[in-house]
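Q: Given next are the chains, with one letter for each unit.
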Amino acid sequence: MSLLKYTVRRLLMTIPILFGVIFITFILSHMMPGNPFLKPGQFIKGNPEYVRALLEKHGLNDPIIVQFLKYLKNMLQGDWGESLIVSKGIPVWDLIKVKVPVTLEVGIYALIISSILGIRTGVYSAVHRNKPGDTIIRTVALLGVAMPVFWLGILMQYFLSIKLGLFPTIRISTIGYDDPIRITSFRLIDSLLTGRFDLAIDTAWHLVLPVFALSFLQVAGLTRYSRSSMLEILELDYVRSARAKGCKERDVINKHALKNALIPIVTIIGLRFGGVIGGAILTETTFNLKGMGMLFVDAVNWRDYFVINGLVFITTFVFIVMVVFVDILYAVIDPRIRY
Amino acid sequence: MVEQKLIREDELSLVYGETYRPGSFKEQLKEMFTPKYLAFLLKPGAEDEELNRRDFEMNKFKTKRSLIRRLNSPLTILGGLIVFIICSWAVFPHWLSFIPFKDVAISILPGTNRPPSFEHPLGTAAFGRDVLGRLIWGARRSITLSLASIVVSLVGGVIFGTIAAYKGGWIDNLIMRIADIVSSIPGLILLVIIVSVMGYDLQNILLALGLLGIPGYARLMRSAAISQRAMTYVESAKVSGASEWRIMFRHILPNSMSLILVALSFDIGTAILGLASLAFLGFSQTDAVEWGFDVNANKSALINAPWAAIWPGIGIVITVMGFMLLGDGLRDALDPRSKV
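Chains as they are written, first to last, in this note's numbering: chain A, 31 to 369; chain B, 43 to 382.
The reader is advised that the hints may include incorrect statements.
[Stated by the list, open to error] Covered by chain B, per the in silico footprint, the following chain A stretches (three or more residues, Cβ under 8 Å): (1) 32 to 41; (2) 108 to 119; (3) 171 to 179; (4) 185 to 193; (5) 342 to 352.
[Unchecked claim] Okay, the calculated beta carbon distance ranges per label pair: (6) A:V351 <-> B:T274: 39 to 45 Å; (7) A:R366 <-> B:M273: 26 to 32 Å; (8) B:A284 <-> A:I94: 41 to 47 Å; (9) A:L194 <-> B:V133: 37 to 43 Å; (10) B:L216 <-> A:I95: 39 to 45 Å; (11) B:N114 <-> A:V128: 52 to 58 Å; (12) B:F140 <-> A:P162: 37 to 43 Å; (13) A:D92 <-> B:F140: 41 to 47 Å; (14) A:V351 <-> B:A81: 39 to 45 Å; (15) B:I356 <-> A:N104: 46 to 52 Å; (16) B:I356 <-> A:L33: 48 to 54 Å; (17) B:N114 <-> A:I95: 58 to 64 Å; (18) A:A83 <-> B:L244: 35 to 41 Å.
Please keep in mind that the hints were generated in silico from the structure rather than gathered at the bench. Every residue gets a Cβ at the ideal spot worked out from N, C-alpha and C, and that includes glycine.
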């Protein structure tokens, strides 16, 4: 019961934060120089009369507070505005619905791979502390943390795609391939479900590089976290007693130590999941995947106010909900924690 | 020298046993800096019975040297070396790069996308720009921006964090809720938005990057300062009539800085990465000499001139790694119990 109460309270506390986020993004996006119909530095300057008429039509000439209140009112009613220039006339919510699957597909595959791999390498590295294996893992992990994802992507594009010709460089599917029937909106899963194995192979082929680039970086971070978390646990008394009573070493590591070491790691994974959309910008630009990240960069470049606001809102919303979810998950994983 | 003064002569004979007869100050100094002793200091895991014993006893008197010793892991030294080299690139590119700035920045020279040669050790990029020259001159922008933005976040974060911790109540609530709002938007997204509002100039990017770092430092500072607030010395300062600001910034602040110093070096690396990402996305001046910008500008010529896009990235990786190695070493030395 108290957990339920806690959850409700936490969720209610996110409302002012979300409100602040909408306010800040709205004000900032309207403060950008230029407007959707006249970008600064644009070569072809539109007819000023026409631009003014367009601004008037979309209500962009009103005082900013009026605009904000109107936007807020519409948003609460489920109308997130429509794209002004990037995909002219399409409601933002529909745009997001089309773009989200691409982002999530890359992000979630990478997250699953990196969670499994990162924890294992971290545990290995902690158990074999200061041995050659540990040193190698730590060096690679540090390299992964220090590496910008776009550079890793470019490196792989050059060596694996251009030099060796193993993988396609950009896009999520070959040009000219049709889309599978939408069931889950995930391209790979959909094509498997509908029995289009040619599409599935094609999509998987295209996904290898982006997923690898993204998961390499995440594995690196996760390895460092799980290593230090594991090192801390391994020195505790109950691990020693587990060894003393004759447990197998594998059971000591996996059952006694790892379960307790997982608690901080779950936080990291949860936050990563919340940051999937936000972290997609660089991967998507590098591999030219038409997802949320590319849409965001385009929207900022073209001053497409409602798209910017919608994207930032949905990203932040997912992130905040995941933070709350992780806090609740704590109580489930660790019975010592009570709210 | 300070250590020498701390140990009185009679204590010395206690420390080193009967056989030890302290000579004059000069002799002591000579003994301290023998090659043997220096080797003992710098070699990890060095064993020498007499020096070990002396080391153990000396540690009771001085902590300074033991800090150096703890910092003295090969990886930390490597990190320090990298940081030193990159920083000297940033400060003295006129001398270290054989190509003047105007040739690197905006010139249009013959020889687009030429492979590495004697004249251009790492090849040339579009418009005949020398890759090595831009690599060296690019350090300047990365280091300047990241260091300066860290200073902005550090100063802002420390001030707000200390005030929030000391004042408590609604001020604390207000500051922390604003920090919550700012830090709940993913960093790169907010950075892109703020930079497009303020413009791509150096000082604007610096300010945007710095402002975004404030919530993190404020939170860190607040948690460190809250534990200090309950200490006796704060109470005695209050009793002796110190003003609030004096207590906050002369008493509490210096005592809670160590956590922040540990985070600092690591965050410089993160700032460089953020900066490079920003430039890669195209939110950068078109005439900037910057690593991320170079990667972005040359990625389309990957087939013809891979060196032009790959070398600036190596610059980023090595610099960030240097700062992170240094940060790791600092953390191990200053705050051995902390996590990653």
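Q: Next step is simple, just say for each hint if it's right about the structure.
A: Hint-by-hint comparison with the structure:
1. 32 to 41: Result for this restraint: violated, n = 0.
2. 108 to 119: violated (count 0)
3. 171 to 179: holds (count 6)
4. 185 to 193: Three-residue rule met by the stretch 185 to 193 of chain A, so holds; n is 4.
5. 342 to 352: Our answer is that it holds, as 5 residues pass the Cβ test (under 8 Å) against chain B, meeting three.
6. A:V351 <-> B:T274: 39 to 45 Å: 43 Å Cβ-Cβ, so the 39 to 45 Å window holds.
7. A:R366 <-> B:M273: 26 to 32 Å: The hinted range 26 to 32 Å holds for A:R366 and B:M273, with Cβ atoms some 29 Å apart.
8. B:A284 <-> A:I94: 41 to 47 Å: Distance hint for B:A284, A:I94 holds at roughly 45 Å.
9. A:L194 <-> B:V133: 37 to 43 Å: Given about 41 Å between the Cβ atoms, the range holds.
10. B:L216 <-> A:I95: 39 to 45 Å: At roughly 21 Å between Cβ atoms, A:I95 and B:L216 fall outside 39 to 45 Å, so the hint is violated.
11. B:N114 <-> A:V128: 52 to 58 Å: At roughly 56 Å between Cβ atoms, A:V128 and B:N114 fall inside 52 to 58 Å, so the hint holds.
12. B:F140 <-> A:P162: 37 to 43 Å: holds, 41 Å
13. A:D92 <-> B:F140: 41 to 47 Å: Given range 41 to 47 Å: violated, Cβ gap about 58 Å.
14. A:V351 <-> B:A81: 39 to 45 Å: At roughly 58 Å between Cβ atoms, B:A81 and A:V351 fall outside 39 to 45 Å, so the hint is violated.
15. B:I356 <-> A:N104: 46 to 52 Å: holds, 49 Å
16. B:I356 <-> A:L33: 48 to 54 Å: holds, 50 Å
17. B:N114 <-> A:I95: 58 to 64 Å: Distance hint for B:N114, A:I95 holds at roughly 59 Å.
18. A:A83 <-> B:L244: 35 to 41 Å: Given range 35 to 41 Å: holds, Cβ gap about 38 Å.
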